[in-house]
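Asker: When you read off a place in the sequence shown, starting at 1, and then add 15, the result is the number in the working numbering.
These aren't lab readings, by the way, just hints derived from the structure by calculation.
Small disclaimer: the values here were computed from a predicted structure and weren't measured.
Be aware that a few hints might be false.
The calculated label-pair distances, taken between Cβ atoms and stated as ranges, are [said to hold, decoys possible]:
no.: 1; residue 1: Glu52; residue 2: Ser224; range: 14 to 24 Å
no.: 2; residue 1: Phe282; residue 2: Lys235; range: 42 to 52 Å
no.: 3; residue 1: Thr549; residue 2: Lys287; range: 21 to 31 Å
no.: 4; residue 1: Asp303; residue 2: Arg175; range: 53 to 63 Å
no.: 5; residue 1: Asp247; residue 2: Arg63; range: 48 to 58 Å
no.: 6; residue 1: Gly533; residue 2: Lys341; range: 15 to 25 Å
Glycine included, every Cβ here is placed at the ideal spot set by N, Cα and C.
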Amino acid sequence: MAKLKIAGTWAGVLEVELEDWTVPMLREEVAKRSNCESNSINLICAGRVLKDGDGNEKLAQLGIKNNAKILASRVCAEEGKSLKEELLAEDERSRRLARVKAAATALAKRHADGSLPIEDFNIVLEDQSGKKVQLGSETDQRAIMMGLMLHTNGKQLIKRQNYKDALEVLAMGEEAFSLSDPKVIELVDNPPILQIDMVWCYFMLRDISWLSVAGVRLEKAREGIERAHGKDSSRVRLLQAGRFPELALYLRLELLEGVVAYHSGQFEKSRKVLASAQGKFTQLQVPDEALSLVMSMGFRERDAKRALRISNQDVSSAVDFLVEQKAKRAQKREEDIRRRDEIMEQKKYGTTPLKKAVDLQKLNQLVSIGFEKELAAEALRRNENDAEKALDDLTNPETNSSIQVYIESRKRKRQSQAVNTSVEALVGMGFERSRVVEAFQAAGGTMEQVLQQLLSENAGNPTNAASNNIPTDAANDIANSLVSMLNNNVDQNGEVGGPSTAGEVGERDAEMEDELAGELAQGDALSDYDLEVTKEGEAINEYLALLDSAGK
16 MAKLKIAGTW
26 AGVLEVELED
36 WTVPMLREEV
46 AKRSNCESNS
56 INLICAGRVL
66 KDGDGNEKLA
76 QLGIKNNAKI
86 LASRVCAEEG
96 KSLKEELLAE
106 DERSRRLARV
116 KAAATALAKR
126 HADGSLPIED
136 FNIVLEDQSG
146 KKVQLGSETD
156 QRAIMMGLML
166 HTNGKQLIKR
176 QNYKDALEVL
186 AMGEEAFSLS
196 DPKVIELVDN
206 PPILQIDMVW
216 CYFMLRDISW
226 LSVAGVRLEK
236 AREGIERAHG
246 KDSSRVRLLQ
256 AGRFPELALY
266 LRLELLEGVV
276 AYHSGQFEKS
286 RKVLASAQGK
296 FTQLQVPDEA
306 LSLVMSMGFR
316 ERDAKRALRI
326 SNQDVSSAVD
336 FLVEQKAKRA
346 QKREEDIRRR
356 DEIMEQKKYG
366 TTPLKKAVDL
376 QKLNQLVSIG
386 FEKELAAEAL
396 RRNENDAEKA
406 LDDLTNPETN
416 SSIQVYIESR
426 KRKRQSQAVN
436 TSVEALVGMG
446 FERSRVVEAF
456 QAAGGTMEQV
466 LQQLLSENAG
476 NPTNAASNNI
486 PTDAANDIAN
496 SLVSMLNNNV
506 DQNGEVGGPS
516 TAGEVGERDA
526 EMEDELAGEL
536 AQGDALSDYD
546 LEVTKEGEAI
556 NEYLALLDSA
566 GK
């Protein structure tokens with residue numbers, strides 16, 4: 016038995032079994048000795064509140080040892096309930112933040128190393144013009160992808176005015192960016208923009224304790240943006256055909272620099288940068304006439320405002336921008352469809368020993384010189400996409416023959432698995448197993464023929480028809496759905512029935528991964544610059560008024 020020294024609402028020594036007792040048990044015992052309800056007792060040990068958790072965690076697991084001192088304080092029942100709810104909310108928040116980081120890590124790892132995607136899409140890096148780019152090594156790619164996902168999630172939290180959680184996620188993003196080679200990332204403007212977003216959170220939380228840190232972050236941000244954008248934003252101007260997408264970003268930067276300068280006693284500097292920010296705010300105000308004119312051409316208000324701001328209120332340039340963006344979105348949709356088809360094709364070929372997808376570009380090169388596609392794909396898969404080694408195997412009669420034997424064996428296995436899966440699916444719809452098996456044997460295994468035969472038997476047998484009331488004209492739809500289900504259930508080794516890496520896939524947080532991927536998909540190359548500057552305008556006026564009232 017261990018001894019716990021209790022002080023507060025009741026003072027004394029309790030003898031407990033640390034390996035058996037839980038926090039609720041301890042709370043109940045202290046409450047009994049204090050003559051009060053257990054939900055009104057708060058327990059503190061070594062400076063931390065003891066939480067009930069799931070009620071199964073033992074005191075020993077919480078680090079409580081023999082002769083530990085525990086303070087018991089009494090709160091009203093409602094306050095105790097409120098405290099419990101607050102602790103539970105904090106637990107939920109911590110779990111969610113951990114899920115965000117884990118999901119971003121998993122997505123970045125899968126999509127940066129050339130692995131065959133579990134999903135039907137690829138995450139790729141793009142420049143400001145929307146073109147795909149390859150930045151540094153695989154490690155650099157992974158770090159940048161992870162940083163971008165976390166930064167995007169942080170910005171979504173900022174939009175929802177959840178600045179506390181946004182800071183946590185942005186800090187994770189900052190850490191991820193720091194893992195890449197500084198030389199690789201120095202021309203990327205996302206890390207300095209992330210610094211601005213973090214300081215914006217400090218400002219919106221009105222947390223003056225971050226003042227010194229905010230100044231350092233803003234210095235990093237300005238240096239990073241000027242390096243990435245070029246002198247006088249020359250690189251941005253070149254990529255964006257003379258437009259000004261970065262104006263709102265610089266407005267926010269200057270506002271925050273002015274706020275930090277004001278609270279640091281640098282009033283002259285504060286007024287100077289705030290005046291510059293005010294000029295940019297005025298420049299970003301969209302005239303009603305221009306907005307009405309652009310919207311009359313069929314564009315939405317939000318898109319029209321964005322285009323006019325980026326184009327310095329030039330209607331003609333704004334319309335050109337909107338037309339370009341529409342064309343880019345259409346092209347991206349086509350590319351996404353093509354990539355989904357490519358991923359489905361790659362899944363048929365399986366993965367290399369190192370879990371990489373078959374390189375379709377190298378596959379097409381081998382096919383162009385006369386090799387059968389499936390044969391060439393298997394040769395590449397075995398040789399980690401080394402085209403020369405694959406070509407050696409294909410031109411070696413003995414190896415070529417063994418590959419063909421393997422492919423035929425794999426086809427038979429797939430067919431057998433597909434039939435078994437189809438049988439289970441049809442049995443699950445209410446058909447008798449024996450009839451389904453006979454139908455597959457008689458129809459040669461095609462889903463459409465099997466369904467037609469089963470349904471025709473139903474039509475001739477009222478009992479069966481009653482038990483399987485499926486309209487005959489729905490047969491093709493049902494068949495197509497089942498075929499689609501089977502195609503989507505091909506694993507990374509080309510087998511039917513689910514991924515071979517079941518343990519790894521089972522550990523996926525699909526919900527959180529989908530959320531992060533969805534946030535990325537909603538944005539475009541200019542999303543970081545697309546700021547609604549109303550709050551910035553109000554803050555500029557507020558601090559200029561403070562300077563005026565102080566006579567500075």
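Asker: Please go over all the hints and tell whether each is borne out by the structure.
Answerer: Going through the hints against the structure:
{"no.": "1", "hint": "Glu52 to Ser224: 14 to 24 Å", "result": "violated, 38 Å"}
{"no.": "2", "hint": "Phe282 to Lys235: 42 to 52 Å", "result": "violated, 24 Å"}
{"no.": "3", "hint": "Thr549 to Lys287: 21 to 31 Å", "result": "holds, 23 Å"}
{"no.": "4", "hint": "Asp303 to Arg175: 53 to 63 Å", "result": "violated, 29 Å"}
{"no.": "5", "hint": "Asp247 to Arg63: 48 to 58 Å", "result": "holds, 53 Å"}
{"no.": "6", "hint": "Gly533 to Lys341: 15 to 25 Å", "result": "holds, 21 Å"}
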